[in-house]
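Generate the whole structure from the sequences, applying the supplied hints.
What follows is each chain in one-letter form.
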Amino acid sequence: MNLSKVLININSLGDLEEYKKIGITNFLFALKDYSIGYQEFDLEDIPKDSYILINRVLDTKGIDGIKAIKDKLLEYKGIIFEDLGIYNIFKDSDIELIWAQAHFGTNTESINYWLSKCESALLSNEITKEEITDIVNNAIKPVVFNVLGKNMIMYSRRTLLTNFNKYNNLDEVNDVVLDETHTNNKFYAHETSNGTAVFNNEYFNYIDFSKSLDDSKIKYYLIYNLDLSIDEIKNIIDGQPFGNDGFLNKKTVYRMSEYTDR
Amino acid sequence: MVELLAPAGSLEKLKYAFLYGADACYLGYKNYSLRANAKNFSREELKEAVEYAHSLGKKIYVTCNIVFHNDDLEGLLEYLKYLESIHVDAILASDITVMRLMKENNIKVDLHVSTQASTLNYEVAKFYKEEFGATRVVLAREASKEDIERIYEETGMEIECFCHGAMCTSISGRCVLSNYCTNRDSNRGGCAQICRWVFDYYKNDNKITDTPFSMTPKDLNMVSLIQDMIKSHVFSFKIEGRMRSIYYVSTVILVYRRLMDRILDGTLTPEYAEYSLNILNRVANRESTPQFFDKLPGVNEQYYLGREELSNQDFLGLVLDYEDGVVTLEQRNNFKLGDTVQFFGPNMETTTWVVDNIIDEEGNNIDVARHPQMIIKMHIPFKVQKNDMMRIKMFDFSK
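Chains as they are written, first to last, in this note's numbering: chain B, 7 to 268; chain Z, 2 to 400.
The hints are simulated quantities; they were obtained by calculation from the structure and are not laboratory data. The beta carbon of each residue, even a glycine, is placed where N, CA and C say it ideally should be. Errors might be hidden in some of the hints.
[Claimed, not checked] Some chain Z residues near chain B, calculated using beta-carbon distances under 10 Å:
| id | residue |
| --- | --- |
| 1 | Glu52 |
| 2 | Tyr53 |
| 3 | Leu121 |
| 4 | Ala126 |
| 5 | Gly134 |
| 6 | Arg185 |
| 7 | Ser215 |
| 8 | Pro298 |
Right under this line is the structure:
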C-alpha cells in the first residue's frame with residue numbers, strides 16, 4: 007500500500023512524529039463538539055496541514071457553531087464531513103472537502119455527484135469487493151477508501167449508556183462492549199454529551215484487497231484507529247494477518263424472500 | 002393549513018387512511034422503498050392509489066428512499082418517469098442520485114427529502130432546496146422545536162415531522178446494526194430492528210450487570226405538543242407505520258384528525274387531549290411519549306426490561322353494512338353477550354353499547370362471536386356506516 011496516501015485519525019498529538027517515521031504523513035483530527043466516536047481535539051491544537059473530521063449530524067446549534075469558526079477552519083488542509091450543511095457553508099471556499107456521509111457511498115452515481123462537487127468522496131464499508139472495484143474504476147476522480155478500522159455502525163443522539171446505567175442504578179460507565187449472543191456479534195459503544203457511537207468491536211481489514219485497486223484512482227487509504235499502537239498499525243500494513251473481511255465477500259439482502267433463499 | 006399524513010402499506014390501508022381523515026398518504030413500490038417487507042404496491046396499484054386519492058382531493062407521496070447500490074439503479078429513471086406519468090404528488094428520496102435524476106430529467110414531481118437524509122439544520126435544507134428544488138423536508142426525528150423553526154425561517158420549505166409511531170434508536174439512515182447481525186441491509190428496507198434486542202453488557206471483559214442492556218426508545222406521541230408544532234410551522238404531521246393494521250392506522254388517524262381539527266377551530270380542551278392520549282396509548286400496545294421536540298430524551302423516553310408489549314385484541318369487528326337498525330359485522334376478535342363495546346368511525350361520535358344480541362349467518366342467536374372473520378348481525382340502537390369499527394370499550398369521553 008502506498009503509505010504516502012494513508013490518511014489516519016490521530017488519538018494523541020504525540021503520535022504524529024512516530025507516524026511520520028513510518029512514512030504516514032496525512033492526518034485526520036476529530037473536532038471537539040462537532041464529531042462523534044473518536045478522540046476529539048480543540049481546533050487550536052490541530053496542526054494546520056491536517057484534515058478536520060466533522061462527523062456529527064448537526065443541529066441548529068451545531069451548524070451555527072461551525073459558521074462561527076468558519077474562518078479558522080479555512081486555515082486547515084481539508085474537512086471530512088458527514089452533514090451536508092458543511093458542504094453548503096464551505097462550497098465556495100478553497101478548502102478541500104471530502105464527502106463522508108456514513109453508509110451512503112454505495113453507488114457510482116452518488117460518488118460521482120460528490121466528486122463533481124468536492125475534492126473527494128468516501129466509499130461505504132458495507133459493500134462487496136465487486137461493488138467497490140466497480141465504483142473505484144468508474145469514479146471521475148480519486149476516492150477515499152477506508153481500509154482499516156472498527157466500523158461505526160450506529161450513531162444515536164441519545165445518551166444510551168447513561169440512561170441504562172441510571173435506570174439500573176449502576177455506576178457511570180463508558181466505552182463498553184455490547185454482546186449480542188444469538189448472532190455472536192460484539193459492539194463497542196462510546197458516549198459523549200453529543201450522543202452514542204456504536205462500533206463493530208472487531209476491526210475490518212481491507213488492506214490486502216486494496217492492493218487490487220488502481221492506486222491512481224485512490225486519493226487516500228483511510229485508517230480509523232481507535233486503540234491500536236503505531237507498531238501494530240505498521241505490522242498490519244506490512245501484511246500481518248489481522249481483522250476480518252467485513253462485507254467484501256458478503257452481499258447484504260433486504261427482502262425476507264431473498265433472506266430465506268440464501 | 003396543516004396536513005395529516007398517513008402510512009399506507011397496501012391499497013386497503015390507503016382507503017381506510019383517507020376514510021378516517023388523512024389528507025395524504027405515503028406509500029412504497031415493491032422496489033426502492035424502505036419497507037421492503039411490507040405488502041407495498043404494484044405499478045397498477047400505485048396508479049389506482051393516485052387516481053383514488055385525487056378523486057377525493059387528497060395526495061399521494063411515493064417513497065423512493067433506499068440508499069442505492071449500483072445494481073439497484075437499474076430501471077430507476079424509467080420508474081421515476083412512470084411516477085411522473087401517473088401524477089404522484091411527490092417523491093421522497095434520501096439518495097442524492099434520485100434527486101439528481103429527477104432534476105436532470107426534468108421530472109415534474111415535487112421532491113420531498115426523506116427523513117433518512119437526517120436533516121436537522123437549515124443549511125442542509127437550503128442545499129436540497131437550491132440544488133434540487135426540494136419543496137419539503139421530512140426532518141430527522143431528532144429535530145427540536147428550535148431546529149424546526151429555524152429551518153422554516155431560513156428556507157420557507159414545507160416542514161414534515163413525525164408525530165406518532167415507532168422511533169429508531171439511531172438517527173435514521175445512520176444505522177447498519179441489521180447488516181451485521183442478520184446480513185439484512187437496513188438502508189435498503191431490511192432493518193431487523195436490532196435496537197430492540199438485548200445485549201450482555203461488558204467493560205474490560207467483565208460483565209457489568211446480569212441485567213441485559215437494552216436501548217429501545219418508547220414510541221413517539223405528540224398529542225400534548227401538536228399545538229406547539231403547528232405554531233412552529235410544521236406543515237405535515239406524519240404517522241409512522243406502513244406495516245401496521247387497518248385498526249391501528251384508522252384509530253390513530255381519527256384521533257389526530259379530531260385533535261387537529263379542534264386545535265384549528267379553537268375547541269380543544271385538556272380533557273379531550275387526555276382522552277386522545279389514552280386511546281393512542283391503548284392502541285399502540287407500547288408506551289408512547291414526546292421525544293426530541295422539547296428536550297433531549299433521557300431514561301424516561303426509553304424502554305427497559307419488564308415492559309409489556311401484548312398483542313392488542315381490542316379490535317372486535319369491522320362494519321360491513323347497516324340497515325334498519327341492524328349492523329352486519331365481520332368479526333376480528335372474540336366477543337360475547339354482555340361485553341361493553343364502542344363503535345367509532347369517521348362520521349360518528351364514539352358510541353358505547355353493551356352487546357345484548359348476536360346473530361350468526363344462519364340467523365341463529367349466539368352467545369359468542371368466536372370464529373375469526375365470521376359474519377354476524379346485531380340489532381343496535383344507533384346508526385353506523387360501512388367501514389366503521391367496533392372495539393372493546395376503552396375510555397369514556399364526555400364533552
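Hints, verified against the model:
Here the hint on Z:Glu52 is broken, as its CB sits about 28 Å from the closest CB of chain B, past 10 Å. Hint status for Z:Tyr53 relative to chain B: violated, with the closest Cβ pair at about 27 Å, above 10 Å. With its C-beta approaching chain B no nearer than about 4 Å, Z:Leu121 sits inside the 10 Å limit, and its interface hint holds. With a cut of 10 Å, the hint placing Z:Ala126 at the interface with chain B holds, because the nearest CB-to-CB distance is about 8 Å.
At about 15 Å, the closest approach between the beta carbon of Z:Gly134 and any beta carbon in chain B exceeds 10 Å, and the interface hint on this residue is violated. A hinted interface residue such as Z:Arg185 counts as satisfied when its beta carbon comes closer than 10 Å to some beta carbon of chain B; here the least separation is about 6 Å, so the hint holds. Using the Cβ-Cβ criterion of 10 Å, the hint placing Z:Ser215 at the interface with chain B is satisfied: the shortest such distance is roughly 7 Å. The beta carbon of Z:Pro298 comes within 6 Å of a beta carbon in chain B, closer than 10 Å, and the hint placing it at the interface holds.
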